Structures are given as C-alpha cells and as structure tokens.
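Novice: Keeping their order, the protein sequence lines are chains A and B. Under my numbering, residues 1 to 308 are what the first sequence spells out, in order. Under my numbering, residues 1 to 253 are what the second sequence spells out, in order.
Wrong hints could be hidden among the right ones.
[What the hints assert, rightly or not] Covered stretches of chain A (chain B as the covering partner; in silico rule of three or more C-beta atoms under 8 Å from a C-beta of chain B):
no.: 1; region: 55-65
no.: 2; region: 290-301
[As the list claims (entries may be wrong)] Capping the alpha-carbon separation at 30 Å, the derived lysine-lysine pairs in DSS-like fashion look like this:
no.: 3; chain 1: A; residue 1: 181; chain 2: B; residue 2: 16
no.: 4; chain 1: A; residue 1: 307; chain 2: B; residue 2: 223
no.: 5; chain 1: B; residue 1: 32; chain 2: A; residue 2: 181
no.: 6; chain 1: A; residue 1: 181; chain 2: B; residue 2: 158
no.: 7; chain 1: A; residue 1: 137; chain 2: A; residue 2: 181
no.: 8; chain 1: B; residue 1: 32; chain 2: B; residue 2: 201
no.: 9; chain 1: A; residue 1: 272; chain 2: B; residue 2: 223
no.: 10; chain 1: A; residue 1: 181; chain 2: A; residue 2: 141
no.: 11; chain 1: B; residue 1: 247; chain 2: A; residue 2: 218
no.: 12; chain 1: A; residue 1: 272; chain 2: B; residue 2: 16
no.: 13; chain 1: B; residue 1: 158; chain 2: A; residue 2: 137
no.: 14; chain 1: B; residue 1: 50; chain 2: B; residue 2: 247
no.: 15; chain 1: A; residue 1: 218; chain 2: B; residue 2: 231
no.: 16; chain 1: B; residue 1: 50; chain 2: B; residue 2: 158
Read the hints as simulated data drawn from the structure, not as lab findings. Quick caveat: nothing in here was measured; it's all calculated off a predicted structure. Using N, Cα and C, we set each Cβ at its ideal position, and we do this for glycine too.
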Amino acid sequence: MAVLLLGEVTDGTLNMDATAKAVTACKPLGDVTILCCGASCSDAAKEAATIEGVAKVLCAENAVYGHRLAEPVAALMVSLAGDYSHIAAPATTDAKNILPRVAALLDVMVLTDVSGIVDADTFERPIYAGNAIQTVKSGDKTKVFSIRTSAFDLAGTGGSASVESLDAAENPGLSEWIEDKVAESDRPDLTSAGIVVSGGRGVGSEENFAIVEKLADKLGAAVGASRAAVDSGYAPNDWQVGQTGKVVAPDLYIAIGISGAIQHLAGMKDSKIIVAINKDEEAPIFQVADYGLIADLFEAVPELESKL
Amino acid sequence: MKVLVPVKRVIDYNVKVRVKADGSGVDLANVKMSMNPFDEIAVEEAIRMKEKGAVEEVIAVSIGVKQAQETLRTALAMGADRAILVVAADDVHQDIEPLAVAKILKAVAEAEGVGMVLCGKQAIDNDMNATGQMLAALLGWSQATFASKIEIEGEEAKVTREVDGGLQTIKVKMPAIVSVDLRLNEPRYASLPNIMKAKKKPLDEKTPADFGVDVTPRLSVVKTTEPEARKAGVMVGSVDELIAKLKDEAGVI
Ligand SMILES: Cc1cc2nc3c(=O)[nH]c(=O)nc-3n(C[C@H](O)[C@H](O)[C@H](O)COP(=O)(O)OP(=O)(O)OC[C@H]3O[C@@H](n4cnc5c(N)ncnc54)[C@H](O)[C@@H]3O)c2cc1C
Ligand SMILES: Cc1cc2nc3c(=O)[nH]c(=O)nc-3n(C[C@H](O)[C@H](O)[C@H](O)COP(=O)(O)OP(=O)(O)OC[C@H]3O[C@@H](n4cnc5c(N)ncnc54)[C@H](O)[C@@H]3O)c2cc1C
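Same shape as in the complex, but just chain A (with noise of 0.2 Å):
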C-alpha cells in the first residue's frame, strides 16, 4: 500500500504543521509520497523531505499550479493516482476544494475530514457539527481523504526523503486567478497556535475587537472569531473558527463574549482548555469550559490582560 498526500504549499512556502500532522495520519497506511506543486516550490519539496516517515516528496513546479486552482492540481493528482491506494491532503480549503474532483474523476467518494484511521479502509469523521463521530468503510479501490489535522500529532523532522521533479500535467484551462486578499500578520497561525483568544457578538464592535486583540498579543495567540462577530463585520472571516469556519484544537482556547452555539462549540471543543468569559450565566459554552467566569467582558477582559 502507499499514499500520496498533497502537501500544503501556498505561495512557495510549506505549512509544516498541516503537512506533518498529516503524514502522522498516513504512515500507518503505508510509504508517504508528498507532492508539492506550486508556481515555486522547490524550498517547500526540501523541507517536506525533511518529515520523519516520508519516503519520497515530488515536486511539480509549473506557473499552472501558481495559485493551486482545483481543475490543474485535481489533474494532476490524477495522472498520478494509479501508483496509489490512498490519496489524502491535510483538510485546508485547498485540499477541500480540490479532493472531491480527484475522487470524482477517479469514479470513487471522498471522505473528508477524517478524524481518525481505524484500518486501510476504515476511517473516523465528525457528522453533524461533531455531535457525531461516525466509523466507515469505503469499499473503492482508491480512498481519498482529507485529514482533521487537529486530531494527529506532528510528525517529528531529520528526515531526508529523495526529491524527484514532475512535469506538468494537462492543464483543463478552465479558471484563472485574479487576486488574493490575505491580512498580513504577526500572530501565530490560527490552526497550530497553542493559544486561541476569540471574540463573538458580545464583542460589540471592531473597535472593542481591540480587547481581544491586546490579550491574545500579551499571550502570543492567534485571534479567532464567532461567525456572528464575522458577519457583524468585527473580524475577517478567516477568523471564523466552527462548523463552517477552521477547526482549532489549541492547549487554551478563551472565548469571549460567545454564546457557544453547537455550530461555534464544532469548531473548538476538542480544545485542551476552555476559558469562557460571558455575562450570561445560562450561555451554554459554560457547558463546555473548564473555566468560567460570569463577568462583563469589557472589565474582566483588559483586567486579565493586565495582570497576566
């Protein structure tokens, strides 16, 4: 058996933490081939040869995979699918928007965020919001799969992989990349930091967002968001953390100023620690928190930061 996992490269640059974490989930499947494409990518095939278990890293670089377009990489995965019995992608937009048409153009279904392998073809995923763990067996020849990185640890480094360059598959020619619109930032990466502070409605405004802000920067976290918080416009929406938004597992998670509906609780409860900060003491995400505290938000909040 051997997988080819896409690893994750965005603009030249590996996200090691999605890709190692993902190459824990596969190596018990059998030899881990990487492939990294992108418009540049030969730094990020090095590194990914550098991941503990990986047995070969391809690297395709061509201007066609620049922006990572489903149509050109879904192609791509495909020509080199049949030395394969597991295709999978750690579970990012990308690998979402790209992993169904692989499947699909393969004749076989995708499973995606899977949470837990239990055999070569049995698989563990979240259903309905998390209130669910569902095992499955998929009966296809190949298994696709996009993996719940949050579930996996991270693979260790020292490794070194052979790397072997790939040409460029056919490019279908059907979409084209106009821009990307990507808030620069200092802070930790919301799906690997090991602490989250979120804000929700309760927030009240962007400006106030400020306070939760300055005590995710006293703590070196990543800042996270309800989507009632994206919607009203007080956060960017790559800050969502739920169902619909990113997944976050971190070792303290402080949610202020969110209610903790299931949609939100599906995107944080497997966090190590829950802190909640809400001044309603019937907010069901105290069911949740290890920590609660009743408080106004706009005391407790710059109080904390202040004496942290």
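Add chain B with the ligands to chain A, keeping to what the hints say.
Specialist: Relative to chain A, chain B with the ligands alone:
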C-alpha cells in the same frame, strides 16, 4: 441562461442531534427538518441573478426521500420557477452519497441545458463539502467553491472565495459550478402569497433509474457514536482566581 440549484433536506440547524444508543446512526424520527442553510443562500443568489436579468429560469432539484418535496416547495416559494424531485430513498435515515448525487445532478444539468449550478458549500448533516466539486469533475466544468461574491461577466464568472488565508478571487469559464458560503447574501423569507403560488408551480418527480444512475453506496457505516464528553468544569469568581487556575492547575500560561 438556466440555473440549477440543488437543495438538500437536512435536520434543522437548531436541533440538537441525538445519537442512537445502538450505534446505528442519528435519530431523525420526529425532528424538525429544513432546507440546508447553505442551499437557501444558493436559491437566493439564483433568484437575485434572475431579478437582475442575468438568468431566465431557476430550477431547484433535490435528491432523497419523498418528503424533500417540502424543501422544494420552500425553494419555489422563495422564487424558483420549477422543481425536480429525484426520489432515491424511502427511509429518512438513508442518505445518498455525494458521488451518486453528483451523477444524478450531471444528468439533470445536461438534460436541462443549464449554464450554471449554484449549490451549497456543505450540507450541515454530513458536512462532506464534496458534491459541487464532484459534479464539476463529472461534467468537466470549472468550479468556484466557497463563494462570497459572484459576478457574471459574459462567458465568465468572477468569484470571490473564502479561503484559509482570507479571500481569493478567480475567474471561471461558463458553464460553471459555484458552491456558496454563508456571507454571500441573506436569504429572503417566503411571503404567504408566494407560498400559496408555489403550490401551483411545477414539481416533477423522477427516480435515479430515469437517469441511469446507480446509487449503491461506496461507504458503509460501521457505527455512529457520541463524541467524548468533556469533563465538567468549574466557575471562577474573579480574574485573579482564573489566572491562578490557569497557572497552577492547568499549567497553560
Ligand atoms: C449553517 C450554519 C453554520 C454556522 N457556522 C458557524 C461557525 O462556523 N462558527 C460560528 O461561530 N458560528 C456558526 N454559525 C452561527 C451560530 O449558530 C451562532 O449564531 C454564532 O456562533 C453566534 O455567535 P456569538 O456567540 O458570537 O453570538 P451570540 O449568540 O449573540 O452570543 C453573544 C454572547 O455574548 C455575551 N455578551 C454580550 N455582551 C457581553 C458582555 N459585555 N460581557 C460578556 N459577555 C457578553 C452574551 O451573553 C452572549 O452569550 C453557523 C450557523 C449556521 C446556520
Ligand atoms: C460516514 C458516512 C457514512 C455514510 N453511509 C451511507 C450509507 O450507509 N448509505 C448511504 O446511502 N449513504 C451513506 N453516506 C453518504 C452520506 O450520508 C451523505 O449522502 C453524504 O455524505 C452527503 O454529503 P453531504 O450531504 O454532506 O453533501 P455536501 O457535499 O456537503 O453537499 C453540498 C451541496 O450539495 C448539494 N446536495 C448534496 N446532497 C444533495 C441532495 N441529496 N439533493 C440535492 N442537493 C444535494 C446541496 O447543494 C449541498 O449544499 C455516508 C456518508 C458518510 C460520511
């Protein structure tokens, strides 16, 4: 141009699901079912395109049990022109896999000659986030997933997508599949007169066999379990107490 909008009947997002004690699945008996929230957004977008004159006809389609008629009537009440129900299951607990759904949708899209399919980014029951992408692959069409803005410009569509890093804008050739995210629009409520009118709009019934599609699942469910419960926490009385707990008890700061 005709637009096809696949709508799925799912457990209402406000319902707390219960896992059946025997591990066979989730209890769907007597729970409130609604249109998948993402699909309401897709229907709304299609109707707005029609109101702007970019689209001539909006066709809603659902694949599943007979009761999905209600979901289609909701789409018609919002403003879709007609509906197609593909009855593929008798038991409400039986769900059709995205690959089979995509094969049926492909046949419908081809038979109707649609120029665009607007679907939800994910169904909130199985959270697969797969159907649109699979359909695009089967049709050999372009795909733009997780859309928060769609502009049709002649033979192309310019779509802004919500991605991990922020927002990405791409241009796709038509015909295209676009899957919609939550911030694309706010769906309207159907008015009473429109609900009445919707009862008279055409709703065709088909079966997967009409399209020559085999819906036999590729995946089989071994078991369904409750996630591990978190152990009960404590309430703290002050910020000082919170800091002490985080330092001494949890050791996380
Ligand atoms: C299909 C679908 C998908 C969704 N996906 C997501 C998702 O991915 N992520 C997500 O977060 N949501 C998601 N939602 C939305 C979710 O259902 C909730 O609406 C949302 O999480 C609520 O956000 P909130 O807790 O910030 O706001 P609210 O529920 O309005 O809660 C605000 C909280 O702030 C508290 N508060 C107010 N003022 C103060 C104060 N001064 N001090 C202290 N506390 C205060 C209040 O007591 C209240 O508990 C989704 C919904 C749907 C239908
Ligand atoms: C663990 C597991 C076990 C499963 N076991 C079985 C099984 O035993 N038997 C079985 O038959 N299936 C089974 N399935 C298939 C599964 O239940 C769902 O059919 C599949 O996951 C659907 O995914 P989704 O609805 O989340 O689609 P998504 O890809 O998330 O849906 C995206 C969009 O596609 C459109 N769409 C999706 N489905 C429909 C539809 N039916 N009608 C109209 N539009 C639609 C909507 O626009 C929707 O917003 C299983 C799936 C999983 C994950």
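Novice: Compare the structure with each hint and give your call.
Specialist: Comparing the hints with the structure gives:
1. 55-65: Since 0 is below three, the answer is violated.
2. 290-301: That given contact holds, which follows from 7 residues of the region 290-301 of chain A lying within Cβ reach (below 8 Å) of chain B.
3. 181(A) with 16(B): The hint is violated at about 36 Å.
4. 307(A) with 223(B): Not OK: residue 307(A) and residue 223(B) at ~48 Å, beyond 30 Å, violated.
5. 32(B) with 181(A): Status violated; Cα separation ~39 Å.
6. 181(A) with 158(B): With a Cα-Cα distance of about 15 Å, the restraint between residue 181(A) and residue 158(B) holds, given a limit of 30 Å.
7. 137(A) with 181(A): Violated, at roughly 39 Å.
8. 32(B) with 201(B): 24 Å, holds
9. 272(A) with 223(B): Given pair residue 272(A), residue 223(B) holds - Cα atoms ~26 Å apart, limit 30 Å.
10. 181(A) with 141(A): Cα-Cα ~39 Å, so violated.
11. 247(B) with 218(A): 15 Å, holds
12. 272(A) with 16(B): 23 Å, holds
13. 158(B) with 137(A): 39 Å, violated
14. 50(B) with 247(B): Status violated; Cα separation ~58 Å.
15. 218(A) with 231(B): Judged against 30 Å, a Cα distance of about 28 Å means the pair holds.
16. 50(B) with 158(B): Holds - the C-alpha atoms of residue 158(B) and residue 50(B) are around 17 Å apart, at most 30 Å.
The structure fails hints 1, 3, 4, 5, 7, 10, 13 and 14 (numbered hints given earlier, in ascending order).
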